[in-house]
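Trainee: Protein chains in written order, with the working numbering: chain A, 1 to 101; chain B, 1001 to 1585; chain C, 2001 to 2201.
Certain hints may be false.
[Unchecked claim] Calculated cross-link-like contacts (lysine-lysine; reagent style BS3-like; alpha-carbon spacing at most 30 angstroms):
{"id": "1", "chain 1": "A", "residue 1": "13", "chain 2": "C", "residue 2": "2095"}
{"id": "2", "chain 1": "A", "residue 1": "13", "chain 2": "C", "residue 2": "2164"}
{"id": "3", "chain 1": "B", "residue 1": "1531", "chain 2": "A", "residue 2": "69"}
{"id": "4", "chain 1": "B", "residue 1": "1131", "chain 2": "C", "residue 2": "2164"}
{"id": "5", "chain 1": "A", "residue 1": "10", "chain 2": "C", "residue 2": "2121"}
{"id": "6", "chain 1": "C", "residue 1": "2164", "chain 2": "B", "residue 2": "1024"}
{"id": "7", "chain 1": "A", "residue 1": "69", "chain 2": "A", "residue 2": "10"}
{"id": "8", "chain 1": "B", "residue 1": "1531", "chain 2": "B", "residue 2": "1024"}
{"id": "9", "chain 1": "C", "residue 1": "2092", "chain 2": "A", "residue 2": "10"}
{"id": "10", "chain 1": "B", "residue 1": "1131", "chain 2": "C", "residue 2": "2121"}
{"id": "11", "chain 1": "B", "residue 1": "1309", "chain 2": "B", "residue 2": "1213"}
{"id": "12", "chain 1": "B", "residue 1": "1213", "chain 2": "B", "residue 2": "1131"}
{"id": "13", "chain 1": "A", "residue 1": "69", "chain 2": "C", "residue 2": "2095"}
{"id": "14", "chain 1": "A", "residue 1": "10", "chain 2": "C", "residue 2": "2097"}
{"id": "15", "chain 1": "C", "residue 1": "2114", "chain 2": "A", "residue 2": "69"}
{"id": "16", "chain 1": "B", "residue 1": "1527", "chain 2": "B", "residue 2": "1575"}
{"id": "17", "chain 1": "A", "residue 1": "69", "chain 2": "B", "residue 2": "1309"}
{"id": "18", "chain 1": "A", "residue 1": "69", "chain 2": "C", "residue 2": "2121"}
{"id": "19", "chain 1": "C", "residue 1": "2095", "chain 2": "A", "residue 2": "10"}
{"id": "20", "chain 1": "C", "residue 1": "2121", "chain 2": "A", "residue 2": "13"}
{"id": "21", "chain 1": "B", "residue 1": "1213", "chain 2": "A", "residue 2": "69"}
{"id": "22", "chain 1": "B", "residue 1": "1131", "chain 2": "C", "residue 2": "2091"}
{"id": "23", "chain 1": "C", "residue 1": "2091", "chain 2": "A", "residue 2": "69"}
[Claimed, not checked] One-sided and incomplete, this derived list gives chain C residues near chain B with beta-carbon spacing under 10 angstroms:
{"id": "24", "residue": "2043"}
{"id": "25", "residue": "2109"}
{"id": "26", "residue": "2159"}
{"id": "27", "residue": "2161"}
It is worth saying that the hints were derived from the structure and are not from the lab.
Note that beta-carbon positions come from the ideal geometry of N, C-alpha and C, so glycine has one too.
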Amino acid sequence: MSHSAEEVQKHVKVYITVFAALMVLTGVTVGASYLHLGSTAMNITLALIIAGIKGTLVAGYFMHLFTEKAIINWTLALTVVFFIVLLLVPILTELDTISLI
Amino acid sequence: MDASVKEKSSHDDHSHHEEAFIWKYVFSIDHKVIGIQYGVTALLFLFFGFTLMMLMRWQLAYPGEAIPVISGLFSETTMPDGIMLPEFYNSLGAMHGTIMVFLAVVPLVVGAFGNYLVPLQVGAIDMAFPKLNMASYWVYFVGGIVMLVGFWMPGGAANSGWTSYPPLSNIATTGQTVWLLGMVFLITSSLLGSMNIIVTIVQLRAEGLTWMKLPFFTWAQLVTSFLLLLAFPPLEAAGVLQLMDRLTGSSFFMPSGLVVSGEVLDIAGGGSPLLWQHLFWFLAHPEVYVLILPALGIIAEVIANNTRKPLWGYKSMVYATIFLGFISFTVWAHHMFLTGMGTAINAFFQTTTMIISIPSVIILTALMISLWGGSIRFNSAMLFACAFLPMFGIGGLTGLPLGLTASDIHLHDTYYVIGHFHYVVAPGTIFAIFAGIYYWYPKVTGRAMNEMLGKIHFWLSLIFINGIFFPMFIQGLAGVSRRLYDGGASYAHAQDYLYLNEFMSISAWLLALAQIPFIINFFISWKSGQKAGDNHWDATTLEWSATTSPPLGHGNFEVVPTVYRGPYEYSVPGKDKDFTPQNEA
Amino acid sequence: MNIPFTTNPRPDTGVYNAKLGIWLFLASEVMLFGALFSSYILIRVGAPEVGENAWPLGSDILSVPVAFTNTMVLITSSITMVMAWASLAMKKFDKYKMFMGITIALGLTFLVIKGFEYNSKFEHHLFPSTSNFMAIYFTITGLHVLHVIGGLIVNFYLWIPGAKMWESDPERFTNRIEVAGLYWHFVDLVWIFLFPVLYLL
C-alpha cells in the first residue's frame, strides 16, 4: 500500500463511493426478497449474488484486496479452494441417490 | 519488542540472570524456551496417555479381573474393588485417543520441534510474533488442564470415543462438555501456532534462503501449518454446534424421534448426526498428515545427516508434500463408507484415497533410496529413523484395504483399523519424535545423550511395539471389533483370537519398561552427558550454525546468517570436510 | 537484534509480518464461518417441505427492519474504520481519533440493537431448542457478536491506551490500524452474508 498523502486522498473518494454503493445494495437486498421470482432457489440465488457483490466491494476496496500483493491473494485463493470443498459437505449428503452405473 | 529484550540481546549471555525466573522460563517469549515448554508438557501428556492405555490393556487381557497392586488408587465409580467398570473403560479409550493426538503428538511435532527449530532453520532470531507464541503455549496448557478436569466430572471424562460421534456424545455425561471446551482451547492454540510458523517461514527467511534451499523439515512444517490453519476451524464450528446441542438443547446433530432408554427425547429434532462426522473428519483426516508430515521432516534431517549424503529427490519430496497437503482435504469421507452415503460418493472418496497414497510413497521411497550407498552412522537417532521407514510403510500400506470400499465393509471398526493407524502414529510418528530428540538434544542442552542407553531403548521399543500392534491385524481380519469392553470375550467369532489379547497387553507393559532407559538418559544427560559442540553431528542446516544455543541466548545468531547453499550438501567433491554448511560461501 | 519486517514490508513478498498474519487468521475464520454456513445449508436442505418442522421464512420470525438498521450501522462503521486508517496515512491524528471513536460507537450500537433483538426473541419464547432455524440463528449470530466484541476490545485499545505508539513509531501504529481494520471489515463481510441468509430467505 502506498502511504503518500495525495494517493490516500484519492482512495478516500473511492471509499465514499463504495460506501454509497453498499448502502444502496443493502436496500436492494431487502427489496429483492419481496419479489417472487418463481421459486425459493431463484430468490436465494439473487440474494447471494447481491451479497457477493457487496462482499467483493468490501474485500476489494476496504480491505485493499484489488491492489494487494500476490502472496496474500494466493493465500486466499488457497482458502477459497478449501472453502468450496467444505461446501461439498451438504451436497454430498444430499446426492446419495445418484448412481454412477 | 520492549526495551529490556533489546538491551539483553545486544549484550552477551551474562545479562540473563538479571531477568526474573518467571519471565525467563514461565512466561518466556523466546521460541526456544517455548519449544521446550511444549516439549516437556507434551511428553508428560504422552506418558499419561500411555498410562491410560496400559490400564485398558489389563481389562482386555483379563476381563473382569481385579487389577493388582494399584487397585486402591481408583474410586468406587471407576474401578470398584479393582474391577474396571464399562463406563470407565470408555472414558479411558476416549481420553487416550484425545490426549495422544491433540495433547501429546501434535504439540510435540509442531509445538516443540516446530517452535524450536523453524526459526533456527530459516535463520531468524525468533518467531514472527513472540507474544502470540507464548499465548499459544498457555492456551494449549489451559486446554490440557480442562481436558484432565473431565476425569473429576460426575460420570467421568468424555466417554464417546475420541471421535465423539453424536447422538451418543450429545446425551453423554458432563465430561463431554468439558471435552468440547478443552478442544476449543486446543484449536485456538493450534491456530495461533500455525499462523506464527507460516509467517516466520515466509517473512523471516535469511538472505539467500530461497524456497528450494529450505530444509525438508521446514517445508513439512509449512504444509502442516496450513493444514492446521484451514482444517481445524470446521472442527471448532462442529464443537460449537455440539456445545449448543448439549447446553441449550438445540438439535443440530439430533434426528427426530430419537429414543433414549425407552423414551422419545423431547427435542426439536431434524438434525443430522452425519453432519458431525463430515465436519470432524474434515479436520481429522488432514490431522493425520499433521501427525505424519513433521515426522517425515525429522526423519529426512536425520537420514541426510547420518548417511552423509544429500537427500535423494529433495525436490520431488517437496512437491509431493505440497500435493499431499492439498489432496488431504478431499479424502475425509473414506472414514464414512459405512454410513450409507451412496456408491457415487464412495467411489469418489475411494479414488482420492488411492491418489493420496502416491505422494506418501514418493516421500518414503525417496527416503529409502537416500540410504543407498551411504556410509551410514548407526547412532540412536538413525536407528529410530531406519526403523521408521518400514514401520510407516506397514502403517501406510495397511491403510489401502481400508480406503477401498469393498474391503472396508469387512474391516471397518475392527482392530485392523487400530493396528493400521497405530503403526502410522506409534512406531511411525513417535519413533520419529525419539529420533528427533536424540538428534537435536545436543543443540538444546549442549550435551549428547548416552548412545548405549539409546540403543537399548531403541531395540526393546522396536520389539515390543510390534508385539502390541501386529496381532491387531490378525484380530481385525478375524472380525474382532474395536472399543469392546471385554476385548471380544463374549463374541463367538473372536474366541480363537483371544489369546492375542494377553500377548499384546504384556508387550504394552514391557514397552513401558523399555522407556525407562530413555527417561534415565533424558535426565542424566541434561547435567552430565558428553559435552557437545555447536555442531555435534557435523550437520549443514542453519540451526547448527547458531552459536547462542545452548545456553538459551535470545537472538539465536550472533551474526545474521546469509545462505549460499542447499540444505544437504554432504560429501561435496573437492571439499576437505564431508559437510558444507548452508551459510558457507 | 529486532525481528525484521515488523513495520516495513519484506522486499520479495511485499508485505509486513502482521499483514500476512492477519490474513492467515482471516483465512481460518473463513473456514470457521464456512463450516457453519455449510451446516446451515445441510440442515435446511434436510428439513421437510411442509409440516411444523418445515424451514420457516426468516422474515416471518425475525425482524427485518432491525436487522436492516444493524446492517447499515455495521457498514457505516466499516467506512469510518477505513477513514481512521486513511487519516493516519495522511498524518492527521486528530481525525483518526474522531473516526476511531465513531467506529467504536457504531460497534456498540450494533451490540445494543442485537441485545434488544435477542431479548425480544426470548420474550416470545424462541430459544435454540425451539427449532433448528432458531438454533442456527442463535449460533451464527452469537459467534458473530463475539467477533464484534473482540474487535471492539482491539479498537478500544488502539483508540486510547495503544495510541501512544503514534508518538514513538507512527508507521507501525498506522500498520496496526490497517490490521485491526482488516479484521473489522471481515466481521462486516460476514454480516453482509448473514443478513440475507438468516433474515430474508
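Trainee: Hints first: check each against the structure and report whether it holds.
Mentor: How the hints compare with the structure:
{"no.": "1", "hint": "A:13 to C:2095", "verdict": "16 angstroms, holds"}
{"no.": "2", "hint": "A:13 to C:2164", "verdict": "29 angstroms, holds"}
{"no.": "3", "hint": "B:1531 to A:69", "verdict": "48 angstroms, violated"}
{"no.": "4", "hint": "B:1131 to C:2164", "verdict": "19 angstroms, holds"}
{"no.": "5", "hint": "A:10 to C:2121", "verdict": "45 angstroms, violated"}
{"no.": "6", "hint": "C:2164 to B:1024", "verdict": "27 angstroms, holds"}
{"no.": "7", "hint": "A:69 to A:10", "verdict": "20 angstroms, holds"}
{"no.": "8", "hint": "B:1531 to B:1024", "verdict": "24 angstroms, holds"}
{"no.": "9", "hint": "C:2092 to A:10", "verdict": "16 angstroms, holds"}
{"no.": "10", "hint": "B:1131 to C:2121", "verdict": "41 angstroms, violated"}
{"no.": "11", "hint": "B:1309 to B:1213", "verdict": "16 angstroms, holds"}
{"no.": "12", "hint": "B:1213 to B:1131", "verdict": "28 angstroms, holds"}
{"no.": "13", "hint": "A:69 to C:2095", "verdict": "28 angstroms, holds"}
{"no.": "14", "hint": "A:10 to C:2097", "verdict": "21 angstroms, holds"}
{"no.": "15", "hint": "C:2114 to A:69", "verdict": "36 angstroms, violated"}
{"no.": "16", "hint": "B:1527 to B:1575", "verdict": "36 angstroms, violated"}
{"no.": "17", "hint": "A:69 to B:1309", "verdict": "38 angstroms, violated"}
{"no.": "18", "hint": "A:69 to C:2121", "verdict": "45 angstroms, violated"}
{"no.": "19", "hint": "C:2095 to A:10", "verdict": "17 angstroms, holds"}
{"no.": "20", "hint": "C:2121 to A:13", "verdict": "40 angstroms, violated"}
{"no.": "21", "hint": "B:1213 to A:69", "verdict": "23 angstroms, holds"}
{"no.": "22", "hint": "B:1131 to C:2091", "verdict": "29 angstroms, holds"}
{"no.": "23", "hint": "C:2091 to A:69", "verdict": "24 angstroms, holds"}
{"no.": "24", "hint": "2043", "verdict": "6 angstroms, holds"}
{"no.": "25", "hint": "2109", "verdict": "26 angstroms, violated"}
{"no.": "26", "hint": "2159", "verdict": "21 angstroms, violated"}
{"no.": "27", "hint": "2161", "verdict": "15 angstroms, violated"}
Consistency note: the structure conflicts with the earlier hints numbered 3, 5, 10, 15, 16, 17, 18, 20, 25, 26, 27.
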